[in-house]
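Given the coordinates of chain A, work out where chain B should sit on it, guided by the hints.
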Amino acid sequence: MGGALGFSARMLRRNLRAGELRVLMLALVIAVASVTSVGFFTDRVRRAMEHQASEMLAADRVVESTRPLRPEWRAAAKAAGLAQAETWSFRSVAMVGERLELTEVKAVDGGYPLRGALRIADAPYGTERTVTAGPAPGSAWLEPRLMQALDLRVGDRLLLGELSLSVGAVLAYEPDRGGEVFNIAPRLLMNLADVPATHLIQTGSLVTYRLLLAGSAPAMRRFQQAVRPSLGPADRSLGVRDARPELRAALERAERYLGLAALVSVLLASVAVATAAHRYARRELDGAAVMRCLGASQRFLTATFTLQLLWLGLVAAGLGIALGYGAHGLIAQFFGGLLAADLPQPSPMPAVFGLMTALVTLAGFALPPLLALRQVPPLRVLRRDLLPLPARAHVVYGSALTALAALMLWQSRDVLLAAVVLGGALATLGVLALAAGALVTALKALRRGGGMAWRFGLAALTRRARSTVAQVVAFGIGIMVLLVLTLVRTDLMDEWRDRLPPDAPNHFLVNVLPDQVEAMRDFFRAQGRAEPGFHPMVRGRLVAINEHEITAADYEDTRAQRLVRREFNLSWSAELPKGNAVASGHWWSAPSRGEWSVEEGLAQTLGIRLGDRLVFSVAGQRVAGHVASLRALDWDSFNVNFFVLGPPGLLDAYPASYISSFHLAPEDRPLLVELVRRFPNLTVIDVEALMTRVRDIMDRVSHAVQLVFAFTLAAGIAVLFAAVQASREERLREAAVLRTLGARTRDIFGALLVEFVVLGTLAGLLAAGAASVLAALLAGVVFDFGYSLNGWVWLVGAAGGALGVGLAGLAGTRSVLVQPPLWTLRRV
Amino acid sequence: MTAIVEARALTKQVSSPEGTLTILDDVTLVIEAGEAVAIVGASGSGKSTLLGLLAGLDLPTSGRVLLDGCDLAGLDEDGRAALRARTLGFVFQSFQLLPSLTALENVMLPLELAGIAAARGEAQALLERVGLASRRGHYPHQLSGGEQQRVAIARAFATGPTLLLADEPTGNLDTRTGARIIDLLFELNAEQNTTLVLVTHDVQLAARCGRQLVLDAGRLV
Numbered sequence: 001m002g003g004a005l006g007f008s009a010r011m012l013r014r015n016l017r018a019g020e021l022r023v024l025m026l027a028l029v030i031a032v033a034s035v036t037s038v039g040f041f042t043d044r045v046r047r048a049m050e051h052q053a054s055e056m057l058a059a060d061r062v063v064e065s066t067r068p069l070r071p072e073w074r075a076a077a078k079a080a081g082l083a084q085a086e087t088w089s090f091r092s093v094a095m096v097g098e099r100l101e102l103t104e105v106k107a108v109d110g111g112y113p114l115r116g117a118l119r120i121a122d123a124p125y126g127t128e129r130t131v132t133a134g135p136a137p138g139s140a141w142l143e144p145r146l147m148q149a150l151d152l153r154v155g156d157r158l159l160l161g162e163l164s165l166s167v168g169a170v171l172a173y174e175p176d177r178g179g180e181v182f183n184i185a186p187r188l189l190m191n192l193a194d195v196p197a198t199h200l201i202q203t204g205s206l207v208t209y210r211l212l213l214a215g216s217a218p219a220m221r222r223f224q225q226a227v228r229p230s231l232g233p234a235d236r237s238l239g240v241r242d243a244r245p246e247l248r249a250a251l252e253r254a255e256r257y258l259g260l261a262a263l264v265s266v267l268l269a270s271v272a273v274a275t276a277a278h279r280y281a282r283r284e285l286d287g288a289a290v291m292r293c294l295g296a297s298q299r300f301l302t303a304t305f306t307l308q309l310l311w312l313g314l315v316a317a318g319l320g321i322a323l324g325y326g327a328h329g330l331i332a333q334f335f336g337g338l339l340a341a342d343l344p345q346p347s348p349m350p351a352v353f354g355l356m357t358a359l360v361t362l363a364g365f366a367l368p369p370l371l372a373l374r375q376v377p378p379l380r381v382l383r384r385d386l387l388p389l390p391a392r393a394h395v396v397y398g399s400a401l402t403a404l405a406a407l408m409l410w411q412s413r414d415v416l417l418a419a420v421v422l423g424g425a426l427a428t429l430g431v432l433a434l435a436a437g438a439l440v441t442a443l444k445a446l447r448r449g450g451g452m453a454w455r456f457g458l459a460a461l462t463r464r465a466r467s468t469v470a471q472v473v474a475f476g477i478g479i480m481v482l483l484v485l486t487l488v489r490t491d492l493m494d495e496w497r498d499r500l501p502p503d504a505p506n507h508f509l510v511n512v513l514p515d516q517v518e519a520m521r522d523f524f525r526a527q528g529r530a531e532p533g534f535h536p537m538v539r540g541r542l543v544a545i546n547e548h549e550i551t552a553a554d555y556e557d558t559r560a561q562r563l564v565r566r567e568f569n570l571s572w573s574a575e576l577p578k579g580n581a582v583a584s585g586h587w588w589s590a591p592s593r594g595e596w597s598v599e600e601g602l603a604q605t606l607g608i609r610l611g612d613r614l615v616f617s618v619a620g621q622r623v624a625g626h627v628a629s630l631r632a633l634d635w636d637s638f639n640v641n642f643f644v645l646g647p648p649g650l651l652d653a654y655p656a657s658y659i660s661s662f663h664l665a666p667e668d669r670p671l672l673v674e675l676v677r678r679f680p681n682l683t684v685i686d687v688e689a690l691m692t693r694v695r696d697i698m699d700r701v702s703h704a705v706q707l708v709f710a711f712t713l714a715a716g717i718a719v720l721f722a723a724v725q726a727s728r729e730e731r732l733r734e735a736a737v738l739r740t741l742g743a744r745t746r747d748i749f750g751a752l753l754v755e756f757v758v759l760g761t762l763a764g765l766l767a768a769g770a771a772s773v774l775a776a777l778l779a780g781v782v783f784d785f786g787y788s789l790n791g792w793v794w795l796v797g798a799a800g801g802a803l804g805v806g807l808a809g810l811a812g813t814r815s816v817l818v819q820p821p822l823w824t825l826r827r828v
Numbered sequence: 001m002t003a004i005v006e007a008r009a010l011t012k013q014v015s016s017p018e019g020t021l022t023i024l025d026d027v028t029l030v031i032e033a034g035e036a037v038a039i040v041g042a043s044g045s046g047k048s049t050l051l052g053l054l055a056g057l058d059l060p061t062s063g064r065v066l067l068d069g070c071d072l073a074g075l076d077e078d079g080r081a082a083l084r085a086r087t088l089g090f091v092f093q094s095f096q097l098l099p100s101l102t103a104l105e106n107v108m109l110p111l112e113l114a115g116i117a118a119a120r121g122e123a124q125a126l127l128e129r130v131g132l133a134s135r136r137g138h139y140p141h142q143l144s145g146g147e148q149q150r151v152a153i154a155r156a157f158a159t160g161p162t163l164l165l166a167d168e169p170t171g172n173l174d175t176r177t178g179a180r181i182i183d184l185l186f187e188l189n190a191e192q193n194t195t196l197v198l199v200t201h202d203v204q205l206a207a208r209c210g211r212q213l214v215l216d217a218g219r220l221v
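Respectively, the protein sequence lines represent chains A and B. In terms of this note's numbering, the first sequence has 309 at position 309, counting the first letter as 1, and numbering is strictly consecutive. In terms of this note's numbering, the second sequence has 88 at position 88, counting the first letter as 1, and numbering is strictly consecutive.
Because the hints were derived from the structure by calculation, they are not lab data. Please note that the accuracy of each hint is not assured.
Partner residues are not named here, just some residues of chain A that face chain B (Cβ under 8 Å, in silico) [stated by the list, open to error]:
1) F7
2) A9
3) R14
4) R282
5) V290
6) Q298
7) R299
8) A303
9) L310
10) L379
11) V381
12) D385
Non-contacting residues of chain B with respect to chain A, defined by C-beta distances greater than 12 Å in every case (computed) [claimed, not checked]:
13) T49
14) G89
15) A133
16) R211
All C-beta atoms in this analysis are idealised placements derived from N, C-alpha and C, irrespective of residue type, glycine included.
Bound-form chain A, shown alone:
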């Protein structure tokens, strides 16, 4: 065995130098690069999130309550040795002269923030500087929006409740500012010591009290244990894992699905590895027999071939990891702006996974044919016709399937998902292979026509039908993904946008006070425009379904949990709103008390059925009613829609604000300025700006996905090279015979050209077909409209495939063209 160690390394070096195993190496490098590029990227994002999660809380843990913090919590934190800070958040009106502005006030003590830092400036959008503590007593820091709304400059004064505060700075960044888009008034940051003097906090005031904590994990555990018994339903203890759950979920999804996408490349690269390994094993037959004859034991051969693969795996993994590291930088660049500017360095885990991918792929796909070599009869040195027993089919396929399942499982860390994806991938590959097989069979009929090059080119494809099918599928998948992400994606988006009515609302008005509704109607009338509809809105939390008091813990679905934690925007209406349809139950005909109408998707998420009794907590009071109807909504209309509606009368007594939406042509934007000037408390939301943002995100994500699938195409090329290499001797001999019979280089070139161009065209057609099916499914299921097939998909797919595969194929077979026939005939 000791001898095998060095011997195998020398043999590998010699084989690599002689050009054997290069394709195998290439395929492995692609596989490893593909998984590590995704791995490095998601690893860095996860580390950034774990690191920044503390910053998102401005602490390591936050205890949040709607009641004043209990002194024993602070004592427990002190006893555990944790750093602590306290913040109070509430809404109030800031006043400057005659101007009033609703603000989200946050009062902080000297410890805030425990994690992360604040950034302030001397003027709105001016040069920012970082500070590690909040405003001093007597001063307030204001968000730029609030500065502009109140027409303030640094040094001016404003009135908050009964206290006059000086504007100390413009608040540019606050680490723990939530991600809510709607209903957020601008921020005013002040010192906690000033709050009593405002006289704003009275019994019953809506205040969120937060105790921010930071320190070591054991200290945090001691604190948790001490305070857990005293946490009531109004209190929440939030760790870094609870921060930004939607981002965390997005990362997990990205990790899983980009990772599995990368495994598609591994799967295809495995086909190349298996092809190349079989060819190598065939070529090593004589070598193995000679070595047996020269006295090598079976064990020595086993060790030699296994170790050769191990060394090969290590070298390929090293190259692949380096390539993957380079490629992940590109992915990160595509996501630039969506993520924190500087990501931390990755952990070694992606590299470990890359190495495992290389070794598992080799063990599953390359080892069985090579191990069969140890069985070669030594008598083969005298009698060439003797062959070793081929590796048994169930061993070959079994080891390959095991290897794939192991990789899928590791990547998805979920047995069910791995099984579904593996099954799905194999089924999809099966369907694609059947389609490709049908295409290849169809070629036979075409062989009759055409000249010599045409017939020879097609003959090459149909004779090696299995290899041709594998190549068509490999290229087909790569091209399909590129088609879906480029042509089909923009096509779907355009079609969706075209379907929106040109006058669909593109602006929302939020926070309209009840006494402003009439004035606003007058304003629109005076501008000669249609009055937008104003919808009342009351905030309430769903607290019970039938007799069951619900909490987020009752649901497994994260969306359901979020819905239960948050307050709903409740509204009332006598008429069924435009774009709504009653899916089941009935719409109330006369004002009635004690009924709700619920959006059907929400009802499904929360397990609400027709006739259930829902209780909402509105301004501290319980409002109950039975579900009278479930509604289907047209969300695409951009009209104001509500998940839960009541009949007039049920919610009128509670404090409401109004919401509206309207269409504004770009040239009419001055109207918006005028509107905001007249009603400065308004929050205006520009839908087009949001849409632009969404489109930007989609573009970036699809670029990243495209890059991952570029590896799939590279794997396809590896499959092609492996197939070309496996048939190389046969091709050389054929070309030599043709030449001796008088064929010119042009004829042989023509046959090769036909072969690879037809191969690429088939792959392109398969890709276009699959992309069209996928697009139709997406359009039907996700976008809910019929998709008209785009002819370009077929043209671009076929032409792209023909060009790409044609060039790659000719590059792989150029030796067939340049080899003198005599040389070939003597050698092969």
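For chain B alone, kept in the frame of chain A given last:
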């Protein structure tokens, strides 16, 4: 004189669609150390089968082979391989050089398999001896047939075998090249005091051996 290889009542039968086929029929022979023996006979007379059995590359249907005093029947496949590594050198009609190894590396191969540390130096010396020092970095396909067979001869003598087996060593070569190869084979045989057993139907070559064993339809005549 001691016997290097001894065959006792060797019979080899294979089953074929036409029934059992007897390739070797009750062959008994003794080859002494230092002898040069030619096994001659027509195509299909069983020459190569006999050579394979003497080398332990295959097992007889009945009978025994004693190689360097060891009964091959008492050894398993790996045991026979180890015995070959110690005792035997081979030269084949089709050269059997490994295509991915250079001339030098091909000669190094048996030395490396035997775990000899100075493999490179010894292999270089042998290549020089067969007149191919300047071609050591060439791959087999870059060498002519005669050159390839010289590399194969250098490989066969690399481990200093006691018995050299050659299967039609000139079969793939033209007459003049074949003659040079034979000269080389006999020179090295003399230098290293090796026992030589070769299978051939080249009459000239057979005539240079001290003894000729003639096979006819599987029997020694």
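Hint by hint, here is what the structure shows:
1. F7: With a minimum Cβ separation of about 6 Å from chain B (threshold 8 Å), the hint on F7 of chain A holds.
2. A9: Given a least distance of 11 Å, the restraint on A9 of chain A is violated.
3. R14: Since the shortest Cβ distance to chain B is 5 Å, the answer is holds.
4. R282: Not OK, violated: R282 of chain A not within 8 Å of chain B, min 12 Å.
5. V290: OK, holds: V290 of chain A within 8 Å of chain B, min 5 Å.
6. Q298: 6 Å, holds
7. R299: 7 Å, holds
8. A303: With a closest approach of 12 Å, the A303 of chain A hint is violated.
9. L310: 18 Å, violated
10. L379: 4 Å, holds
11. V381: 6 Å, holds
12. D385: 12 Å, violated
13. T49: For T49 of chain B, whose nearest Cβ neighbour in chain A is about 8 Å away, the distance does not exceed 12 Å, so it is violated.
14. G89: 9 Å, violated
15. A133: 20 Å, holds
16. R211: Holds, since 22 Å exceeds 12 Å.
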